[in-house]
Amino acid sequence: AQSVTQPDIHITVSEGASLELRCNYSYGATPYLFWYVQSPGQGLQLLLKYFSGDTLVQGIKGFEAEFKRSQSSFNLRKPSVHWSDAAEYFCALNTGTASKLTFGTGTRLQVTL
Amino acid sequence: DTAVSQTPKYLVTQMGNDKSIKCEQNLGHDTMYWYKQDSKKFLKIMFSYNNKELIINETVPNRFSPKSPDKAHLNLHINSLELGDSAVYFCASSPGLAGANVLTFGAGSRLTVL
Numbered sequence: 001a002q003s004v005t006q007p008d009i010h011i012t013v014s015e016g017a018s019l020e021l022r023c024n025y026s027y028g029a030t031p032y033l034f035w036y037v038q039s040p041g042q043g044l045q046l047l048l049k050y051f052s053g054d055t056l057v058q059g060i061k062g063f064e065a066e067f068k069r070s071q072s073s074f075n076l077r078k079p080s081v082h083w084s085d086a087a088e089y090f091c092a093l094n095t096g097t098a099s100k101l102t103f104g105t106g107t108r109l110q111v112t113l
Numbered sequence: 001d002t003a004v005s006q007t008p009k010y011l012v013t014q015m016g017n018d019k020s021i022k023c024e025q026n027l028g029h030d031t032m033y034w035y036k037q038d039s040k041k042f043l044k045i046m047f048s049y050n051n052k053e054l055i056i057n058e059t060v061p062n063r064f065s066p067k068s069p070d071k072a073h074l075n076l077h078i079n080s081l082e083l084g085d086s087a088v089y090f091c092a093s094s095p096g097l098a099g100a101n102v103l104t105f106g107a108g109s110r111l112t113v114l
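Going down the list, the protein sequences come from chains X and P. Residue numbers are given in our numbering: position 66 of the first sequence equals residue 66, and the series is strictly consecutive. Residue numbers are given in our numbering: position 85 of the second sequence equals residue 85, and the series is strictly consecutive.
Hints may be right or wrong, so weigh each one.
Among chain X residues calculated to face chain P with C-beta under 7 Å, some are [to be verified]: (1) Phe103; (2) Thr105; (3) Gly106.
To spell it out: a stretch of chain X is covered by chain P in this simulated footprint if at least three of its residues, at any positions, have a beta carbon under 8 Å from a beta carbon of chain P; those stretches are [unchecked claim]: (4) 27-34; (5) 42-48.
Hints listed in this document are in silico derivations from the structure and should not be mistaken for laboratory results. Keep in mind it's a predicted model, so treat the numbers as computed, not measured. All C-beta atoms, glycine included, are put in the ideal place defined by N, C-alpha and C.
Just need the whole structure built from these sequences, with the hints factored in.
Listed below in structure tokens is the structure:
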């Protein structure tokens, strides 16, 4: 069975600093990988996705993620964090033909001014 | 115009009551889902429907009964509510079943059982 691990429950960064949120997955083949963001009291918004091809994918709001097959990782990065980026970030994977997103436990990002 | 809309946004009720949450999508998608987010923010799929047909039922108690009158609507009815049902329930939709499809989520319905 597939699984997603987000090792960091809570991360605090200063505004303007760089950010990296970790995501590791377990699956026998290359899955479809996603990062979603959930702002307080809101639904989930897709930041970016990886299906195949270029392992560095660009998303909305200046985020990018790199797929590393050898490390089973799909880490999310942003060069300069803004206070409005404070939210909960979820890594997720999907496989096969029955759409069934499996989520990680999320990383809460706090941004200090 | 909201792509995936859920009502109500907040629901507070007593144990033992029956309640429903409604979901509608205007994206023309074929597949709809219910996810449950617990107090620790963990998201888990409950059900998925494709063109009104139940595809996934993730060992959810029989007290939960989804209904899809058409492919744009997926409602969730919960009987005999228990304290452990308190959570945020998210509806989502996608163009189809394949794993490469992106899910679009609603804003969530927060259910509190007292």
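Hint by hint, here is what the structure shows:
no., hint, in the structure
1, Phe103, "holds, 4 Å"
2, Thr105, "holds, 6 Å"
3, Gly106, "holds, 5 Å"
4, 27-34, "holds (count 3)"
5, 42-48, "holds (count 5)"
Checked against the numbered hints above, the structure breaks none of them.
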